[in-house]
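**Student:** Chain by chain, the residues run as shown.
Protein chains: 2
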Amino acid sequence: MRTENLEYSLGEMHFRGHFAYDDHKQGRRPGVLVVHEAWGLGEHAEERAEGLADAGFAALAVDMYGGGRQASSSAEGLQWTKALRADVPTLRARIRAAFDALRARAEVDPERIAAIGYCFGGTTALELARSGASVRGVVSFHGGPTTEMPAGPGQISAKIVSITGADDPFIPIYQVTAFIEEMKRAQADAQVMVYTGVQHAFTNPRADERGIPGLAYNRLADERSWTTMMQFFAEIFA
Amino acid sequence: MRTENLEYSLGEMHFRGHFAYDDHKQGRRPGVLVVHEAWGLGEHAEERAEGLADAGFAALAVDMYGGGRQASSSAEGLQWTKALRADVPTLRARIRAAFDALRARAEVDPERIAAIGYCFGGTTALELARSGASVRGVVSFHGGPTTEMPAGPGQISAKIVSITGADDPFIPIYQVTAFIEEMKRAQADAQVMVYTGVQHAFTNPRADERGIPGLAYNRLADERSWTTMMQFFAEIFA
Numbered sequence: 001m002r003t004e005n006l007e008y009s010l011g012e013m014h015f016r017g018h019f020a021y022d023d024h025k026q027g028r029r030p031g032v033l034v035v036h037e038a039w040g041l042g043e044h045a046e047e048r049a050e051g052l053a054d055a056g057f058a059a060l061a062v063d064m065y066g067g068g069r070q071a072s073s074s075a076e077g078l079q080w081t082k083a084l085r086a087d088v089p090t091l092r093a094r095i096r097a098a099f100d101a102l103r104a105r106a107e108v109d110p111e112r113i114a115a116i117g118y119c120f121g122g123t124t125a126l127e128l129a130r131s132g133a134s135v136r137g138v139v140s141f142h143g144g145p146t147t148e149m150p151a152g153p154g155q156i157s158a159k160i161v162s163i164t165g166a167d168d169p170f171i172p173i174y175q176v177t178a179f180i181e182e183m184k185r186a187q188a189d190a191q192v193m194v195y196t197g198v199q200h201a202f203t204n205p206r207a208d209e210r211g212i213p214g215l216a217y218n219r220l221a222d223e224r225s226w227t228t229m230m231q232f233f234a235e236i237f238a
Numbered sequence: 001m002r003t004e005n006l007e008y009s010l011g012e013m014h015f016r017g018h019f020a021y022d023d024h025k026q027g028r029r030p031g032v033l034v035v036h037e038a039w040g041l042g043e044h045a046e047e048r049a050e051g052l053a054d055a056g057f058a059a060l061a062v063d064m065y066g067g068g069r070q071a072s073s074s075a076e077g078l079q080w081t082k083a084l085r086a087d088v089p090t091l092r093a094r095i096r097a098a099f100d101a102l103r104a105r106a107e108v109d110p111e112r113i114a115a116i117g118y119c120f121g122g123t124t125a126l127e128l129a130r131s132g133a134s135v136r137g138v139v140s141f142h143g144g145p146t147t148e149m150p151a152g153p154g155q156i157s158a159k160i161v162s163i164t165g166a167d168d169p170f171i172p173i174y175q176v177t178a179f180i181e182e183m184k185r186a187q188a189d190a191q192v193m194v195y196t197g198v199q200h201a202f203t204n205p206r207a208d209e210r211g212i213p214g215l216a217y218n219r220l221a222d223e224r225s226w227t228t229m230m231q232f233f234a235e236i237f238a
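Protein chains in written order, with the numbering used here: chain B, 1 to 238; chain X, 1 to 238.
Just so you know, the hints here were simulated from the structure itself, not pulled from any lab data. Keep in mind the model is a prediction, meaning the values are calculated, not measured. Where is the CB? At the ideal position from N, CA and C, for every residue including glycine. There may be inaccurate statements among the hints.
For each label pair, taking beta carbons as the anchor points, the in silico distance ranges come out as [what the hints assert, rightly or not]:
| id | chain 1 | residue 1 | chain 2 | residue 2 | range |
| --- | --- | --- | --- | --- | --- |
| 1 | X | Tyr-174 | B | Ser-157 | 51 to 57 angstroms |
| 2 | X | Gly-132 | B | Gln-70 | 53 to 59 angstroms |
| 3 | B | His-14 | X | Gly-132 | 57 to 63 angstroms |
| 4 | B | Gly-67 | X | Met-230 | 54 to 60 angstroms |
| 5 | X | Gly-51 | B | Ala-234 | 17 to 23 angstroms |
| 6 | X | His-24 | B | Ser-157 | 42 to 48 angstroms |
| 7 | X | Leu-220 | B | Gln-175 | 21 to 27 angstroms |
| 8 | X | Met-13 | B | Ala-234 | 40 to 46 angstroms |
| 9 | X | Asp-208 | B | Gln-70 | 36 to 42 angstroms |
| 10 | B | Met-230 | X | Thr-146 | 49 to 55 angstroms |
To be clear about the criterion: a stretch of chain B counts as covered by chain X if any three or more of its residues have a C-beta under 8 angstroms from a C-beta of chain X, and this derived list gives those stretches [claimed, not checked]:
| id | region |
| --- | --- |
| 11 | 10 to 24 |
| 12 | 183 to 189 |
So that you can see chain B by itself, here it is in the shape it has in the complex (with noise of 0.2 angstroms):
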């Protein structure tokens, strides 16, 4: 497995992603991209990368922050986070920009492609499939479901999956009946999962270290909802 820097850029703003393919592996296969957490790109959604890019995807964990930046204490990811999900159209201009840069790669099948992300990432990969983006599939793991731009009818051609814990106090059941409702006037494929006894951030290992309230790892919940995504994409890369 070969990982390298993938530098992409949006008007002046530069970004530095973290790509991950199977080098011994000819030909373009599906292309994955990996959204981070609040706090920036980091060791989670590059570990996340590898894994898809060990399964065979050529997998992008993109940068939406620009220049590598990570957060410097909770509080300021958060606000980072807070600033672009009140600014859609520059949310879905950088996912867009990582996407353009990964269909680029002659690795890359570019009818094959999908998102998800973790948190803010999951947040930005439905924000990507909202935009109407040729994006085969969408998994969001514990992101926020809402937005200010909720899709129309017919807008989201990309399948949906979004996976939430139902002790997570940072999504409460309201955000996610409010999607359910979103994807129903959308009229998108959406299957939409909620794991009882798992609180946010569960996919993440160091979840914990933050010492946020409701924020903790969960194996369990990680391994299944990581097998959920790969029987996804067998299915939407078939």
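For this one, chain B is given, so just place chain X on it according to the hints.
**Tutor:** Just chain X now, kept in the frame of chain B:
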């Protein structure tokens, strides 16, 4: 694969289930109860039991009405389920009798049992879990998730998967959120899934023939939910 009638009883009442297993296979294997829709034990549940037998399980398509009775009309079937849902102790006793009959079979590992069900059968499988039966897992397909006797903390040992359609007029979203709340209070391990674009009875290829608005087969939802069940069985029977 071998199929046979399996007779069992509860007090004065006699039941005729449809038992399926691979008779070329040696030793005790996991057992799965399959509970029919409102109309009584028929082709749909029997075919699913046979599919499970093909996959290496010993499966009993149960008879919840006694004598293998099938409703002569949709109205009669709905009346029967309404009566049983209003009398939860009787409903639980009947599925418990089937559970005991399956566990008593020499082909079955009595410590590795799951229950699945469709519509009313999904409701019934969930009641088996609420009763505290030592079943490893329960999967409810388009089953009404609410009950007259909600589970208290620690009462449920089975892991649970509930899958419903967002366009199912018989299972409005508030029932799904009420179920999530019940499972949270019960401290149960539940995975609650809602598929958009999917109506009631989505697993039954004959659903549309009944001419009831809101019932519709959906091949993709049928396949996804079956795959999800198989993945769940791999986890609980590991």
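**Student:** It remains to establish, for every hint, whether it holds in the given structure.
**Tutor:** Hints, verified against the model:
Between X:Tyr-174 and B:Ser-157 the beta carbons are some 30 angstroms apart, a value that contradicts the proposed interval 51 to 57 angstroms. Range check, X:Gly-132 to B:Gln-70: about 48 angstroms between beta-carbon atoms, so the 53 to 59 angstroms window is missed. A C-beta distance of roughly 59 angstroms is found between B:His-14 and X:Gly-132, which places it inside the suggested range of 57 to 63 angstroms. With their beta carbons about 45 angstroms apart, B:Gly-67 and X:Met-230 fall outside the hinted range of 54 to 60 angstroms.
Between X:Gly-51 and B:Ala-234, the C-beta spacing of about 19 angstroms keeps the proposed range 17 to 23 angstroms intact. For X:His-24 and B:Ser-157, the Cβ-Cβ distance of about 46 angstroms falls inside the hinted range of 42 to 48 angstroms, so the restraint holds. Distance hint check for X:Leu-220 and B:Gln-175: the Cβ-Cβ separation is about 26 angstroms, which falls inside the suggested range of 21 to 27 angstroms. Restraint check, X:Met-13 to B:Ala-234: a C-beta distance of roughly 45 angstroms satisfies the suggested window 40 to 46 angstroms.
For the pair X:Asp-208 and B:Gln-70, the supplied restraint of 36 to 42 angstroms is violated, since their beta-carbon distance comes to about 54 angstroms. Restraint check, B:Met-230 to X:Thr-146: a C-beta distance of roughly 32 angstroms breaks the suggested window 49 to 55 angstroms. For the region 10 to 24 of chain B, the assignment as covered by chain X is violated, since 0 residues bring a beta-carbon within under 8 angstroms of that chain's beta-carbons and 3 are needed. With a threshold of 8 angstroms between beta carbons, the proposed coverage of the region 183 to 189 of chain B by chain X holds, since 5 of its residues qualify and at least three are required.
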